[in-house]
Amino acid sequence: MSLILVFCFHFPDAVFAFQLRNPVHNGHALLMQDTRRRLLERGYKHPVLLLHPLGGWTKDDDVPLDWRMKQHAAVLEEEVLDPKSTIVAIFPSPMLYAGPTEVQWHCRARMVAGANFYIVGRDPAGMPHPETKRDLYEPTHGGKVLTMAPGLTSVEIIPFRVAAYNKAKKAMDFYDPERHDEFDFISGTRMRKLAREGENPPDGFMAPKAWKVLTDYYASLEKNN
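Going by mature numbering (1 follows the signal peptide of the UniProt record, and there is no 0), the letters in the sequence shown line up with residues -17 to -1, 1 to 208, in that order.
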């Protein structure tokens, strides 16, 4: 069934898309929640989120699709995202890690599928340099390219603000450089290390049931080895 037809069943007046190839943590959720809030403030009555995980090839150290789908289901079960206004569908594309070039394909594909808002993050479709481990692409270029790409005629680009773990609030929050010491930037590498070792992240970083899926995945790798 096409996504456009699925959208018709929900009667949305706005569809905002979020692509990811990683498990959903509460920083991701904050960005999606904030986008929905902003659309409501602009007068939309029923904005619908398209949570659109990548379903094709990814690097070997990325969490496989079947486990990511279980993790996304747990996020919805705990209602970190509103299940009534969220559509989860698999985007059947490989990840080529081509940065600003590839993000144009990601965005246009969602536009053709019926989304009229696209959330773009830091360093979309990026990866670390194999030697220096620093960002291979300039982190803001993906978002800038989307604002200039001529083929994106019916989609509005929504750049997201940087989210980090607020140690005082014990929750993910939008980063404020004036309160830098209150924030902890939990990288994907650190998140995977915690999950691999069966440890828990700080309270409020990820829905507990969703974190359990992640630790179960890494435990399954240990059993297979």
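The set of hints was computed from the structure by calculation and includes no laboratory data. Keep in mind that the hints are not guaranteed to be accurate.
Unchecked claim - With a straight-line Cα cutoff of 25 Å, these simulated SDA-like cross-link-like pairs (lysine to any residue) come out: (1) 195 <-> -14; (2) 195 <-> 70; (3) 42 <-> 163; (4) 192 <-> 204; (5) 28 <-> 99; (6) 195 <-> 84; (7) 153 <-> 28; (8) 28 <-> -14; (9) 28 <-> 164; (10) 192 <-> 45; (11) 42 <-> 17; (12) 116 <-> 201; (13) 116 <-> 41; (14) 195 <-> 99; (15) 152 <-> 116; (16) 152 <-> 174; (17) 116 <-> 195; (18) 42 <-> 67; (19) 42 <-> 199; (20) 192 <-> 28; (21) 116 <-> 17; (22) 153 <-> 41; (23) 28 <-> 140; (24) 176 <-> 161; (25) 67 <-> 174; (26) 127 <-> 84; (27) 152 <-> 12; (28) 53 <-> 140; (29) 28 <-> 46; (30) 67 <-> 140.
Pairwise hint evaluation, residue 163 against residue 42, where the allowed Cα distance is 25 Å at most: violated, 32 Å
- prompt: Is residue 28 close enough to residue 46, meaning Cα to Cα at most 25 Å?
  reply: violated, 35 Å
message: With the threshold set at 25 Å, check whether the alpha-carbon distance from residue 116 to residue 17 stays at or below it.
response: violated, 31 Å
- prompt: Going straight from one Cα to the other, do residue 192 and residue 204 come out at no more than 25 Å?
  reply: holds, 19 Å
message: Given the hinted pair residue 67 and residue 174, is their Cα-Cα distance within 25 Å?
response: violated, 29 Å
task: Sort out whether residue 84 lies within 25 Å of residue 127, counting only the CA atoms.
output: Holds, at about 11 Å.
query: Regarding the pair residue 28 and residue -14, is the alpha-carbon distance no greater than 25 Å?
result: Cα-Cα ~19 Å, so holds.
message: Hint check: residue 176 vs residue 161, CA-CA at most 25 Å. Holds or violated?
response: The given pair, whose Cα atoms are some 29 Å apart, is violated under the 25 Å limit.
- request: Starting from residue 195, check that the Cα of residue 99 is at most 25 Å away, please.
  value: Violated - the C-alpha atoms of residue 99 and residue 195 are around 34 Å apart, more than 25 Å.
query: Within 25 Å, alpha carbon to alpha carbon, are residue 53 and residue 140?
result: violated, 28 Å
- request: Quickly compare the C-alpha distance for residue 153 and residue 41 to 25 Å and report which way the hint goes.
  value: violated, 32 Å
message: For residue 152 and residue 12, compute the direct alpha-carbon distance and say whether it is at most 25 Å.
response: holds, 16 Å
Figure legend: structure checked against the earlier numbered hints; hints not met, in rising order: 1, 3, 6, 7, 9, 11, 14, 15, 17, 18, 20, 21, 22, 24, 25, 28 and 29.
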